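Peer 1: Spelled out from the first residue to the last, the chains are:
Protein chains: 6
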Amino acid sequence: MKNREDTMHIRLINPNTTASMTAKIGVAGARVAAAGTQVSATNPDAGPVSIESHFDEAVSALGVLDEIRRGEREGADGGERVDAYVIACFGDPGLLAARELTTAPVIGIAEAAFHLATLISTRFSVVTTLGRTCIIAEHLLQNYGFAHHCRKVRAAEIPVLDLEDDGACALGRIIDECRRAKTEDGIGAIVLGCGGMADLTDEIREAVGLPIVEGVTAAVKLAESLVSLRLGTSKHGDLAFPRAKTFTGRFDYLGS
Amino acid sequence: MKNREDTMHIRLINPNTTASMTAKIGVAGARVAAAGTQVSATNPDAGPVSIESHFDEAVSALGVLDEIRRGEREGADGGERVDAYVIACFGDPGLLAARELTTAPVIGIAEAAFHLATLISTRFSVVTTLGRTCIIAEHLLQNYGFAHHCRKVRAAEIPVLDLEDDGACALGRIIDECRRAKTEDGIGAIVLGCGGMADLTDEIREAVGLPIVEGVTAAVKLAESLVSLRLGTSKHGDLAFPRAKTFTGRFDYLGS
Amino acid sequence: MKNREDTMHIRLINPNTTASMTAKIGVAGARVAAAGTQVSATNPDAGPVSIESHFDEAVSALGVLDEIRRGEREGADGGERVDAYVIACFGDPGLLAARELTTAPVIGIAEAAFHLATLISTRFSVVTTLGRTCIIAEHLLQNYGFAHHCRKVRAAEIPVLDLEDDGACALGRIIDECRRAKTEDGIGAIVLGCGGMADLTDEIREAVGLPIVEGVTAAVKLAESLVSLRLGTSKHGDLAFPRAKTFTGRFDYLGS
Amino acid sequence: MKNREDTMHIRLINPNTTASMTAKIGVAGARVAAAGTQVSATNPDAGPVSIESHFDEAVSALGVLDEIRRGEREGADGGERVDAYVIACFGDPGLLAARELTTAPVIGIAEAAFHLATLISTRFSVVTTLGRTCIIAEHLLQNYGFAHHCRKVRAAEIPVLDLEDDGACALGRIIDECRRAKTEDGIGAIVLGCGGMADLTDEIREAVGLPIVEGVTAAVKLAESLVSLRLGTSKHGDLAFPRAKTFTGRFDYLGS
Amino acid sequence: MKNREDTMHIRLINPNTTASMTAKIGVAGARVAAAGTQVSATNPDAGPVSIESHFDEAVSALGVLDEIRRGEREGADGGERVDAYVIACFGDPGLLAARELTTAPVIGIAEAAFHLATLISTRFSVVTTLGRTCIIAEHLLQNYGFAHHCRKVRAAEIPVLDLEDDGACALGRIIDECRRAKTEDGIGAIVLGCGGMADLTDEIREAVGLPIVEGVTAAVKLAESLVSLRLGTSKHGDLAFPRAKTFTGRFDYLGS
Amino acid sequence: MKNREDTMHIRLINPNTTASMTAKIGVAGARVAAAGTQVSATNPDAGPVSIESHFDEAVSALGVLDEIRRGEREGADGGERVDAYVIACFGDPGLLAARELTTAPVIGIAEAAFHLATLISTRFSVVTTLGRTCIIAEHLLQNYGFAHHCRKVRAAEIPVLDLEDDGACALGRIIDECRRAKTEDGIGAIVLGCGGMADLTDEIREAVGLPIVEGVTAAVKLAESLVSLRLGTSKHGDLAFPRAKTFTGRFDYLGS
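From first to last, the protein sequence lines stand for chains H, C, R, L, D and A.
By the UniProt record's numbering, the letter at position 56 of the first sequence is numbered 56, and the numbering carries on one by one without gaps.
By the UniProt record's numbering, the letter at position 207 of the second sequence is numbered 207, and the numbering carries on one by one without gaps.
By the UniProt record's numbering, the letter at position 51 of the third sequence is numbered 51, and the numbering carries on one by one without gaps.
By the UniProt record's numbering, the letter at position 209 of the fourth sequence is numbered 209, and the numbering carries on one by one without gaps.
By the UniProt record's numbering, the letter at position 93 of the fifth sequence is numbered 93, and the numbering carries on one by one without gaps.
By the UniProt record's numbering, the letter at position 13 of the sixth sequence is numbered 13, and the numbering carries on one by one without gaps.
Next comes chain H alone, as it looks inside the complex:
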């Protein structure tokens, strides 16, 4: 069993390439981390600056996998071993693939938020950015088994990068949508549907008056939980390391 004095290292991977969002996510994660937990935040060099579609998500998954591989290499090369990874985009891009690449736990922020929301309420709603991404949350809810715990997936109709602007406009729209959820949905909690909202949680909670579950912070705590329990991704069965094989072309670096 892990010694309490041990430190652990959680790597937050922002799947998009907007450094300001990465920094924000890192700050949010670090704020809730335990004393012995080191939080580092990275993003891929290559990929979309925001993730607002299945397409953006599919491309960002590559970046996530590259970052997992980089994290694993760092540990293997005598650097700071990564004890757990967080995929900090609400679509959990590349989650199962990432799990195959490591014995460490890998947590998506959508799943993290859903899990914790069910522990403090019987029903919740999700408030996300653009309407077109609601389907992503709906699919995840169904895959993970939480569909009947969620009353409604709502969109504030804010492009993700508007969350990087200083103007309070995005915040206001999110609060408005959360209030509608509170009034209309018969819920006990709200899940914020974008990693870029990680710094807004407190303001939203105070304005709305409901527990607000935010995924980055939720995932950091779940990652810490698993590491403390020495529970890593199972290498028995379908999350085992991928079979060694050739990759061609620009992806040849992924092969063996």
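For the record, the hints were derived by calculation from the structure and aren't laboratory data.
Wrong hints could be hidden among the right ones.
BS3-like cross-link-like pairs, simulated, lysine-lysine; straight-line CA separation at most 30 Å [what the hints assert, rightly or not]:
#, chain 1, residue 1, chain 2, residue 2
1, D, K235, A, K245
2, A, K152, D, K235
3, C, K152, R, K235
4, C, K235, R, K152
5, H, K245, A, K152
6, D, K182, H, K182
7, D, K245, H, K182
8, A, K152, D, K245
9, A, K235, D, K182
10, R, K152, C, K245
Per label pair, the in silico range of CB-to-CB distance [stated by the list, open to error]:
#, chain 1, residue 1, chain 2, residue 2, range
11, C, G209, H, E164, 26 to 32 Å
12, D, R69, L, A76, 43 to 49 Å
13, R, T7, L, R230, 22 to 28 Å
14, D, R243, A, G209, 46 to 52 Å
15, C, Y253, D, H148, 46 to 52 Å
16, H, C169, A, H236, 23 to 29 Å
17, D, D165, H, G209, 53 to 59 Å
18, C, A147, D, E80, 49 to 55 Å
19, L, R81, D, S20, 38 to 44 Å
20, D, E164, C, E184, 58 to 64 Å
21, C, G209, H, C169, 53 to 59 Å
22, H, P159, R, E206, 53 to 59 Å
Far from chain L, by Cβ distances over 12 Å, these chain C residues were calculated [said to hold, decoys possible]:
#, residue
23, G36
24, D176
25, E203
26, A207
As the structure is a computational prediction, the values presented were derived from the model and not from experiment.
Beta carbons are placed, not taken as given, at the ideal position from N, Cα and C, and that holds for glycine.
Chains C, R, L, D and A: place on chain H using the hints.
Peer 2: Leaving out everything else, chains C, R, L, D and A in the frame of chain H:
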């Protein structure tokens, strides 16, 4: 946001009245708790010495609720406030009722184990004590949304209190059943289906060679997670404090 | 096969301790009972005066179990054997535990109403008392398998004990909510979501113009049905009598 | 509310045209009927002599509808009014269509057996005739909402009309299959999957040692229940009488 | 593998007996058929002139089965073999029974439309004729597995035969309902819920500005697909030819 | 409506980079294509040589998207327009993302096979390559809505590239597993779970004696169907073209 130096206090409630099991659960919980977390373990004065049926469970729920009320009173009376509660019986007896009584998080060990198991494997099986209690796990899996993540609920056919005996017989049967699950079920992890197995996790893991998710330890970490995130049981909606009312007879102490 | 001349005895257990409601339930049950059926109505000495939360429900389950045990004892002691039990609270508190205690059938009024509603309509809605109890009905619908037969669980926002007042206010609000259900939900029937509405069925039906399925009366007929068919609670498998064991403290009377 | 002295009349419709089976069904129904209940059993003039396929079922539905219409006419013509109908084939052929034709309740024997089985056990299995009809039971279980209550649909591989033969061969095979279900399925009750087994219930129960739920008898009691409660098929919404229209050709008698 | 030069023959069966609708369906089917596909459209001699209830549907199933048998006979008698059948009523009446009668594929227009709609959108709504038939579509969606792909089943409240009138009134109401679906339902496509709308698809699509999936045309293409792939109805298991048996009375022609 | 003389062009995208498999897939697709359909088969330059894990799948999705973009560009540049795309790997990698990039239909071979299998049987099983990929099929079955139509996902435990070897060993193992499915699963059809089996369909069908549904061929026909019906991917709602944005690093070519 919670200051990292803050301590927190997690109360483990063993719903049965077997003190040796309470002690064992307390030790298991304390072993995995963070440095700043105080773990206390209690059990009700009154109730079944083990929980192996719906009937045992229904009676034990009263004990759980009494213990929650006691925990709340201690805090109110200037004692050590309880920051989170764990219900340490795999049927999660009284879970939703307990949540109504407090703003603190309340976590059941079955739900805790199910949640964490889905984070490290795509499919798991449950190994519990007596065959007659399998239905309890099946109902919980369905209610929580994890039915399709679980391949099979298996019983080692051990009465709960046999887990308190020193003879390794119970352990052997659990390991045998876990190995069958590993071989036959197409799974990546096993969930132990009884709080009384909390001290056996390491031995089982080594003997079986699969990640073993144990509920008491899982629940402690989830409780810590929620407290760190300042996420308590929602008091908006259906988990609000019960309406004040009269209780009659021996339950009059519950009334207002 | 049961001789038609035989009489049978159905015990209605009102899980709350409000005698006027018990009486009302007894009258409602007796009105629909067959000629040879004796209906007796009881309530526990101890427990909540009304059931409007998970907490109230958990406590009331103890009372239900005590009443089942009393019923069984009466028969064993040469008194009038109870042939079937009805749990007359819409949350069906203690249902599975109660079934473990007897070979007689035990029927909850929520399940009874749901079953019969599906036999006369393709879709129904539930109209219950307080909004906070809707979740209880939703959980039951899912557990029993009726979730997709029910369009909506609605609350008239009436505290249960208001149903004991003479003022027609409660009745009016229930009728209003039923009418909204009829207009908006695309349903063929309404299930009344509280045992305390058992005496209002006729008035509601006439005011609303839809079949109204009420649980107490439904459960009496299902109980008669099972007794006539000599179908009792299965003692093979997970509803067998609980294993004999010690109960401690004030619950020691439950032990063996 | 129905006066207890009132009699009621339940019409059992055997959807196949084998008179011996109709008689057997009538006897089984009459044995369990209440003192005031008159049971009549009929079968269509035209249709399959047994129902062992979707095709047989579709044709038999016409016969069922003709019998419902005949029942309604008899009442309208001053004959004995039919208070409830039972469709006595385990596929519940024509059930929703039949409900449209009458304000009386219409009960299928498969649904009846499923409903009652869930009241006395947490899990049951079905033992039916031919393997090819298992899919019919599986579809019904899913439509009615009972899929997760049923462990397995099993076939004894007996053609339906073998149940009309005196040789005990069919009975033996059914008992064998029921015993396998008892041993292997983790169940508390068995549902017999054919109206032609209505006379075998007692023998099977004694041989197998489990509660055996038989649909004809179950449906009679549910029909009595609904009539006593004055709950008829809802005429509000999608089970209202069909719109008047022309039928052509040999079906012109169905038109208006 | 089928030679491309081969022709194939698809028989569209309009389950109602309105010849003008049969003709319309035949035209719609022929318009989308491949060059080598011969489309013939028939309707039974006997049955309802429109299908707007479970009752109409049950009767029409007989006509469907007669038409399948006629189609099979024509091929056997040296006439033009039918390579695939389409059941051109949105309730897919008699579908599984029809499949038992032939090795050719049999496609219902509701299932066909649902299948194709899921290939071009993540969520769709259905717009059908009368509100009372919505339940038929809901049941099919659930049976086929598409319930969570469909946001809403809507009715334009048009009797089926109004679709045969020249007045544009029906079209206007359908377009209005489709526009409401587009605005309110969060969908990517609309499924038209009646074979009688087959000639309106283009107009509706242009007016609404969404992909409109129509069942007759969808089914013709799926039928062609299966024939090209030499995939016929499986005769292994529960869709095998019905067992030979006697049918009595006016249905004796169905027996062997 | 599409003129029958029109030709159409279907692009088969093999998501792995093994040219021999691409060729095989192209041949299989062309064999079943209609006379007017041109089939071209491509694979990405870069990516895994076979797809046997979530990781392989995530990487291959990029190749799929590149190929979709290339197909779109070819049409825009005056080359042969692509009328529909098929993603020829049984995990349907990148399916929803691909749909966002085009108005043409995009069909995955897993979904195609599932859809057609439900049209010719009530229950099917899947036989795929490696056990570790079974979970991929299970997830797709659930997402698409076909989970309850599939009895079992089975693996022949053959690495994908063994399908490229001449030795009949792979074929033998597949046939063995299919025969086990036929004997044990209660099914009417088998779905082949790998694009690399496209050339084995006839041999398997003859050896097994069941309808064998193969995805590449199924997808070609569904693609033809949608093109003939002028049904393209909906651009209303969540499959609309992705919002224009910057992509960084090696993915900058994807940005606007």
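Peer 1: Taking the hints in turn, state whether each one holds.
Peer 2: Taking the hints in turn, this is what the structure says about them:
1. K235/D x K245/A: With a Cα-Cα distance of about 53 Å, the restraint between K235/D and K245/A is violated, given a limit of 30 Å.
2. K152/A x K235/D: holds, 20 Å
3. K152/C x K235/R: OK: K152/C and K235/R at ~23 Å, within 30 Å.
4. K235/C x K152/R: Between K235/C and K152/R the Cα gap is close to 23 Å, so the pair holds against 30 Å.
5. K245/H x K152/A: holds, 28 Å
6. K182/D x K182/H: It holds: about 26 Å lies between the C-alpha atoms, which stays within 30 Å.
7. K245/D x K182/H: violated, 62 Å
8. K152/A x K245/D: violated, 34 Å
9. K235/A x K182/D: holds, 12 Å
10. K152/R x K245/C: holds, 28 Å
11. G209/C x E164/H: 26 to 32 Å: violated, 47 Å
12. R69/D x A76/L: 43 to 49 Å: At 35 Å between Cβs, range violated.
13. T7/R x R230/L: 22 to 28 Å: About 24 Å separates the Cβ atoms of T7/R and R230/L, which means 22 to 28 Å holds.
14. R243/D x G209/A: 46 to 52 Å: For R243/D and G209/A the Cβ distance comes to about 20 Å; the hint is violated.
15. Y253/C x H148/D: 46 to 52 Å: holds, 47 Å
16. C169/H x H236/A: 23 to 29 Å: holds, 27 Å
17. D165/D x G209/H: 53 to 59 Å: 56 Å Cβ-Cβ, so the 53 to 59 Å window holds.
18. A147/C x E80/D: 49 to 55 Å: With a Cβ separation near 50 Å, A147/C and E80/D satisfy 49 to 55 Å, so the hint holds.
19. R81/L x S20/D: 38 to 44 Å: Given a distance of about 41 Å, which is inside 38 to 44 Å, the answer is holds.
20. E164/D x E184/C: 58 to 64 Å: Distance hint for E164/D, E184/C holds at roughly 60 Å.
21. G209/C x C169/H: 53 to 59 Å: holds, 54 Å
22. P159/H x E206/R: 53 to 59 Å: The hinted range 53 to 59 Å holds for P159/H and E206/R, with Cβ atoms some 56 Å apart.
23. G36: About 43 Å separates G36/C from the closest Cβ of chain L, which puts it past 12 Å; holds.
24. D176: holds, 19 Å
25. E203: The claim stands: E203/C keeps its Cβ more than 12 Å from every Cβ of chain L (closest is about 28 Å).
26. A207: The claim stands: A207/C keeps its Cβ more than 12 Å from every Cβ of chain L (closest is about 26 Å).
The structure shown violates the earlier hints numbered 1, 7, 8, 11, 12, 14.
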